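A.B. asks: Residue strings, one per chain:
Protein chains: 4
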Amino acid sequence: MDTSRLEAFSDGVLAIIITIMVLELHDPPGADFAALWHLAPVGLSYVLSFVYIGIYWNNHHHMLHVTRRVNGVVLWANLHLLFWLSLVPFVTAWMGKNHFAPVPTSVYGVVLLLAAIAYWVLQQVIIAAEGDHSRLAEAVGSDWKGKLSPVLYLVAIPAALVYPLVAGAIYTLVAIIWLVPDRRIERLVAAEDAVRRPGESGRR
Amino acid sequence: MDTSRLEAFSDGVLAIIITIMVLELHDPPGADFAALWHLAPVGLSYVLSFVYIGIYWNNHHHMLHVTRRVNGVVLWANLHLLFWLSLVPFVTAWMGKNHFAPVPTSVYGVVLLLAAIAYWVLQQVIIAAEGDHSRLAEAVGSDWKGKLSPVLYLVAIPAALVYPLVAGAIYTLVAIIWLVPDRRIERLVAAEDAVRRPGESGRR
Amino acid sequence: MDTSRLEAFSDGVLAIIITIMVLELHDPPGADFAALWHLAPVGLSYVLSFVYIGIYWNNHHHMLHVTRRVNGVVLWANLHLLFWLSLVPFVTAWMGKNHFAPVPTSVYGVVLLLAAIAYWVLQQVIIAAEGDHSRLAEAVGSDWKGKLSPVLYLVAIPAALVYPLVAGAIYTLVAIIWLVPDRRIERLVAAEDAVRRPGESGRR
Amino acid sequence: MDTSRLEAFSDGVLAIIITIMVLELHDPPGADFAALWHLAPVGLSYVLSFVYIGIYWNNHHHMLHVTRRVNGVVLWANLHLLFWLSLVPFVTAWMGKNHFAPVPTSVYGVVLLLAAIAYWVLQQVIIAAEGDHSRLAEAVGSDWKGKLSPVLYLVAIPAALVYPLVAGAIYTLVAIIWLVPDRRIERLVAAEDAVRRPGESGRR
Chain A
1 MDTSRLEAFS
11 DGVLAIIITI
21 MVLELHDPPG
31 ADFAALWHLA
41 PVGLSYVLSF
51 VYIGIYWNNH
61 HHMLHVTRRV
71 NGVVLWANLH
81 LLFWLSLVPF
91 VTAWMGKNHF
101 APVPTSVYGV
111 VLLLAAIAYW
121 VLQQVIIAAE
131 GDHSRLAEAV
141 GSDWKGKLSP
151 VLYLVAIPAA
161 LVYPLVAGAI
171 YTLVAIIWLV
181 PDRRIERLVA
191 AEDAVRRPGE
201 SGRR
Chain B
1 MDTSRLEAFS
11 DGVLAIIITI
21 MVLELHDPPG
31 ADFAALWHLA
41 PVGLSYVLSF
51 VYIGIYWNNH
61 HHMLHVTRRV
71 NGVVLWANLH
81 LLFWLSLVPF
91 VTAWMGKNHF
101 APVPTSVYGV
111 VLLLAAIAYW
121 VLQQVIIAAE
131 GDHSRLAEAV
141 GSDWKGKLSP
151 VLYLVAIPAA
161 LVYPLVAGAI
171 YTLVAIIWLV
181 PDRRIERLVA
191 AEDAVRRPGE
201 SGRR
Chain C
1 MDTSRLEAFS
11 DGVLAIIITI
21 MVLELHDPPG
31 ADFAALWHLA
41 PVGLSYVLSF
51 VYIGIYWNNH
61 HHMLHVTRRV
71 NGVVLWANLH
81 LLFWLSLVPF
91 VTAWMGKNHF
101 APVPTSVYGV
111 VLLLAAIAYW
121 VLQQVIIAAE
131 GDHSRLAEAV
141 GSDWKGKLSP
151 VLYLVAIPAA
161 LVYPLVAGAI
171 YTLVAIIWLV
181 PDRRIERLVA
191 AEDAVRRPGE
201 SGRR
Chain D
1 MDTSRLEAFS
11 DGVLAIIITI
21 MVLELHDPPG
31 ADFAALWHLA
41 PVGLSYVLSF
51 VYIGIYWNNH
61 HHMLHVTRRV
71 NGVVLWANLH
81 LLFWLSLVPF
91 VTAWMGKNHF
101 APVPTSVYGV
111 VLLLAAIAYW
121 VLQQVIIAAE
131 GDHSRLAEAV
141 GSDWKGKLSP
151 VLYLVAIPAA
161 LVYPLVAGAI
171 YTLVAIIWLV
181 PDRRIERLVA
191 AEDAVRRPGE
201 SGRR
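First to last, the sequence lines map onto chains A, B, C and D. Mapping of the first sequence onto the working numbering: position 56 corresponds to residue 56, and the numbering continues sequentially without gaps. Mapping of the second sequence onto the working numbering: position 92 corresponds to residue 92, and the numbering continues sequentially without gaps. Mapping of the third sequence onto the working numbering: position 160 corresponds to residue 160, and the numbering continues sequentially without gaps. Mapping of the fourth sequence onto the working numbering: position 124 corresponds to residue 124, and the numbering continues sequentially without gaps.
No wet-lab data here; the hints were simulated from the structure. It is possible that some hints are incorrect.
Repeated chains share a single entry, so a pair holds when one copy, or any two copies, can fit it.
What the hints assert, rightly or not - Straight-line C-alpha distance at most 20 Å; calculated SDA-like pairs for lysine to any residue:
1. Lys147 with Leu113
2. Lys97 with Trp37
3. Lys147 with Leu173
4. Lys97 with Val51
5. Lys147 with Ala137
6. Lys145 with Ile127
7. Lys97 with Ile127
8. Lys97 with Ser142
9. Lys147 with Ile176
10. Lys97 with Leu23
11. Lys145 with Gly72
12. Lys97 with Asn59
13. Lys147 with Ile20
14. Lys145 with Trp76
15. Lys147 with Val103
16. Lys145 with Arg68
17. Lys145 with Val73
18. Lys97 with Leu44
19. Lys145 with Ala116
20. Lys147 with Trp76
21. Lys97 with Pro29
22. Lys97 with Gly30
23. Lys97 with His38
24. Lys97 with Trp144
25. Lys147 with Ile157
26. Lys97 with Pro28
27. Lys97 with Val47
Note that the coordinates shown come from a computational prediction; the quantities given were computed from them, not determined experimentally.
Based on the provided sequences and hints, a complete structural model is requested.
C.D. replies: Below, the structure written as structure tokens:
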């Protein structure tokens, strides 16, 4: 089974997640700048989550670009990732509307942590499905970002209960770390594409 | 007419169904764990429905993978299935918010039953459209899951009116039965793909 | 410019329209059958609109299947159609919640009429863009359904203000007339596909 | 990396943005024409934003049609554009519900300005990624529309605070200017397609 429909479905879900978050930006009760300013925490929370979903889409895109075939286990590992990401709009609204209060900010980190674990599981499942010559295994390499992020979340989750702003800073830091897409995959793809036959490119 | 646009539209609808359910997870009125705990029934109901829509997407994916051509009747049988699935967010919210009360839990089962019947109808209509050499007919085989599920729903629907938790357990059981995708289709596809010409693979 | 991205975008919008209508099926304030029964008019209105959007998707699918190339005018004629269809969830909710009251039922017909006109315009614009040898022109033929529907809407719109149920019956009648997809296009496509070269099929 | 998944994701997000705006068209509290008339400002605001998102989709479509390859920077420049466009439903509702009051009408222009800047950045980033022989660079040419629009927004944003209707007229004027898609790109594509080999067309 090829990856095209898995990509299409994931793109659909991620596009909806990233867009319905804005539904929580209810038009403020007033037509002045003060009313708009009142939305600042919800807006900030929205920006952070928009960037996170963007990162996931970006990395998912890169990951599936070097994946050739998927099986039933991969489909479910992918749905598992989408499940945790689907909770992002909920925790985004909860955190924003409560002005980064301790518990919502901590729960936000829990959802990020579980999404990160789900992403890692998906990666391992694809590598297992593809066997020794997996291009993804080569491309992932040491994966220091994937290893560092959960550690940072594990620091932020309890920290949020005491210093929510510290947790917010950690979430922002992780986003910045990830903003640069994995150059190694891009380089590998570029190198391979250079030697691919034109006929093959029609496959995707 | 090939299956690509049918798949694209179905993917779109299923992606939206699976994602808008989360809109019912309104941010709780409070910023503590008690407020979050209050959402547990809605959350549980969401998880169950997420898995069900995931199963339908997964099986739909497998089914259309072995389908070569569709006609107008197939398009409508597919829309009929999507109609019943589109009611899932509604019954999910109703059941969750009423803490698995008898009537909503029973109606949830009715929607699952009608979706299961619609899936079966779609399958038959595709097989009829493809004629004797339908790959889907071979792949479906005895289809014991497809035969067992409606029976279990028919038990759960009246049971819910007296013991809603029993019905909930049955819905969960059916989900677990289906979680394993149909290995036979996968095996068949793998075998056929091995002998397919590369030129043909561009068709999908 | 080929039709693939136009189809993808239209599929996306139609999938969202058909699915967000269900968001108006708010979970009823109660957990018994009476509460569910109270939703009957909204549900009926939803079923009617689901079928209408399904018909539009179906016919749009058929129309673009015999279209080879699109230009800027076609893109805008398509957006114009999507605009009127995007108002369907709004009029569906208004008509349903007011139990098929005269004015909402009449306005529902106005939206259907404008969508029908927009569909006709799109069809003409595609034929004009393709020139004399347009496959669509051949396939459309006499287009009696496309001519009859606006007439029926023009009867129903004023009738709704006095006898809303008559208008509802006319809307249902039009839906039934359209439920059968245009066999002529299907037959033409089947005939042409039979003589197409396999290499060409990769184009879609 | 080819453009197909970038297009698919962007189409998904734009389709959702253009459609969820209609969710702000809540069914009016009444079943007569007066209730409907009350929605006129929200409806007008919706029409304007629908046309704007349509223009962005249309131009995005044209832009990516002449783009061959994308890299990580392009993906993020695209997400940046989608971010500002995702705020359109929010400002549309705010402006409409407040009957084109000064501050919301001004903020609407700010979002349009930032989206225009993001579009320009995306265009430059694609040209930079493609190098000297970028077809997009040729196609864009003098880009007088892209240069004029921000100037008009910069006039409208402060003007809205005093004469909101003047700002509304300017937004409408910009939309009309853009409604005609860039003929130069179309002509270039038509010319190139005429000399392309049929085998190549399967690539998209």
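A.B. asks: Does each hint hold? Answer for all of them.
C.D. replies: Cross-check of the supplied hints:
1. Lys147 with Leu113: within (11 Å within a copy, 39 Å between copies)
2. Lys97 with Trp37: both (13 Å within a copy, 18 Å between copies)
3. Lys147 with Leu173: within (14 Å within a copy, 35 Å between copies)
4. Lys97 with Val51: within (19 Å within a copy, 29 Å between copies)
5. Lys147 with Ala137: within (15 Å within a copy, 41 Å between copies)
6. Lys145 with Ile127: within (18 Å within a copy, 30 Å between copies)
7. Lys97 with Ile127: The answer is neither: 40 Å in one copy and 41 Å across copies each exceed 20 Å.
8. Lys97 with Ser142: neither (38 Å within a copy, 45 Å between copies)
9. Lys147 with Ile176: For Lys147 and Ile176, only the intra-copy Cα distance (15 Å) is at most 20 Å; the inter-copy one is 31 Å.
10. Lys97 with Leu23: Both: 13 Å inside a chain and 15 Å across chains, each within 20 Å.
11. Lys145 with Gly72: between (27 Å within a copy, 17 Å between copies)
12. Lys97 with Asn59: Intra 29 Å, inter 36 Å, cutoff 20 Å: neither.
13. Lys147 with Ile20: This pair counts as neither: shortest intra-copy Cα distance 30 Å, inter-copy 32 Å.
14. Lys145 with Trp76: between (24 Å within a copy, 18 Å between copies)
15. Lys147 with Val103: Neither, since 25 Å and 46 Å both go past 20 Å.
16. Lys145 with Arg68: Classified as neither; 24 Å inside a copy, 30 Å across copies.
17. Lys145 with Val73: Between. Shortest inter-copy distance 19 Å satisfies the 20 Å Cα cut-off; intra-copy 24 Å does not.
18. Lys97 with Leu44: So Lys97 and Leu44 pass the 20 Å test inside one copy only (10 Å; across, 23 Å).
19. Lys145 with Ala116: This pair counts as within: shortest intra-copy Cα distance 11 Å, inter-copy 33 Å.
20. Lys147 with Trp76: neither (22 Å within a copy, 23 Å between copies)
21. Lys97 with Pro29: The answer is both: 14 Å in one copy and 10 Å across copies each meet 20 Å.
22. Lys97 with Gly30: Both ways: Lys97 and Gly30 sit 17 Å apart in one copy and 10 Å across, limit 20 Å.
23. Lys97 with His38: Close inside one copy (10 Å) and across copies (18 Å); limit 20 Å.
24. Lys97 with Trp144: neither (34 Å within a copy, 42 Å between copies)
25. Lys147 with Ile157: within (16 Å within a copy, 46 Å between copies)
26. Lys97 with Pro28: both (12 Å within a copy, 10 Å between copies)
27. Lys97 with Val47: Classified as within; 14 Å inside a copy, 24 Å across copies.
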